[in-house]
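4 protein chains.
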Amino acid sequence: MNKKDLQDRLRRIEGQVRGIQRMVDEDKYCIDILTQVNSAAAALKAVGMGLLDGHVRHCVKESIEQGSGEEKIEELLAAVARFNGR
Amino acid sequence: MNKKDLQDRLRRIEGQVRGIQRMVDEDKYCIDILTQVNSAAAALKAVGMGLLDGHVRHCVKESIEQGSGEEKIEELLAAVARFNGR
Amino acid sequence: MNKKDLQDRLRRIEGQVRGIQRMVDEDKYCIDILTQVNSAAAALKAVGMGLLDGHVRHCVKESIEQGSGEEKIEELLAAVARFNGR
Amino acid sequence: MNKKDLQDRLRRIEGQVRGIQRMVDEDKYCIDILTQVNSAAAALKAVGMGLLDGHVRHCVKESIEQGSGEEKIEELLAAVARFNGR
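Residue numbers (this note's numbering), protein chains in the order written: chain D, 1 to 86; chain F, 1 to 86; chain C, 1 to 86; chain U, 1 to 86.
Quick caveat, the hints were computed from the structure, so don't treat them as lab data.
Mixed in with the good hints there might be a few duds.
Pairs count within a copy or across copies, as identical chains cannot be separated in the list.
As the list claims (entries may be wrong) - Quick list of in silico lysine to aspartate or glutamate cross-link-like pairs, EDC-like style, CA-CA up to 20 angstroms:
1) K28 to D5
2) K3 to D53
3) K61 to E74
4) K72 to E62
5) K4 to D53
6) K72 to D53
7) K28 to D53
8) K28 to E71
9) K4 to E26
10) K72 to D32
11) K61 to E75
12) K61 to E71
13) K28 to E75
14) K3 to E26
If we strip away everything but chain D, and leave its shape as in the complex, we get (with noise of 0.2 angstroms):
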């Protein structure tokens, strides 16, 4: 996921984001929205993943190279763990 693919992602969830406020204007039915949230919901987790990924290929593993891996380990643990919702 390159900066322009993270963007692209961004902006459709700030769109679908628009577009749930929208409905709730409308006075859509609840099941409809919720659907939308989720969809929202799970769009962004997927950007998530893919931070989590240029993380590790990119500066967990050069600070390993480096020697210096410990605290990015730690940091990408901590976030592992935070990214799946504790």
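Take the given structure of chain D and dock chains F, C and U to it, following the hints.
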């Protein structure tokens, strides 16, 4: 969670997503971006929970009282399963 | 999901957890153990979804029909929120 | 999380799952059973997080130090994605 509260939360989430785009643009540190992504995803989940709450208290309850709850119950359980990420 | 189905699933999960203990004992590769842990956790989530399903279709529905659904609805929504990992 | 700690946790989870079977047998209240199911699922997730932790600190780190981290990194990211319920 009333309509105004929902709109306020959604507007805040929209702002968060725009903020994340700015962070990506400015090449901010990926773990910091990830923290914001997680925060926006959690805020969306809270909106989803609020919608589910209103749905059960109103639509599902009324349908059951009118003796036609079956369809609403099916729909609710499907929404809970999706909400839970399956 | 009836009582027998629930018991079968729970017995299978118990067996999975015992299998994971054996894998740990035998120093199996951690990613393979993690795969089994995820599989057991997903099976437990499916049992939870089955319980929630039966609860809504019976307890919650009956309470609402008898005009005393408020407490059951509160309890249900709390359970859904917890089920969803908050 | 060392081997003994992992085994202790897994034995406790096995006991929890057996306790849930007893609750089902004795027709305990479904919300109470669900609470135990959620608790066992959370305990399994914690074991999974412990395994992931050990994996990154040892296997992944060593592979990268030996210049052959690519495969381990792929595997790790796939495990994190699955762990996160996709």
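Hint by hint, here is what the structure shows:
| no. | hint | result |
| --- | --- | --- |
| 1 | K28 to D5 | between (31 angstroms within a copy, 16 angstroms between copies) |
| 2 | K3 to D53 | within (13 angstroms within a copy, 28 angstroms between copies) |
| 3 | K61 to E74 | both (13 angstroms within a copy, 12 angstroms between copies) |
| 4 | K72 to E62 | both (10 angstroms within a copy, 15 angstroms between copies) |
| 5 | K4 to D53 | within (16 angstroms within a copy, 31 angstroms between copies) |
| 6 | K72 to D53 | both (14 angstroms within a copy, 13 angstroms between copies) |
| 7 | K28 to D53 | between (37 angstroms within a copy, 16 angstroms between copies) |
| 8 | K28 to E71 | between (48 angstroms within a copy, 18 angstroms between copies) |
| 9 | K4 to E26 | between (33 angstroms within a copy, 13 angstroms between copies) |
| 10 | K72 to D32 | between (41 angstroms within a copy, 13 angstroms between copies) |
| 11 | K61 to E75 | both (13 angstroms within a copy, 14 angstroms between copies) |
| 12 | K61 to E71 | both (12 angstroms within a copy, 12 angstroms between copies) |
| 13 | K28 to E75 | between (42 angstroms within a copy, 16 angstroms between copies) |
| 14 | K3 to E26 | between (35 angstroms within a copy, 10 angstroms between copies) |
Of the numbered hints stated above, none is contradicted by the structure.
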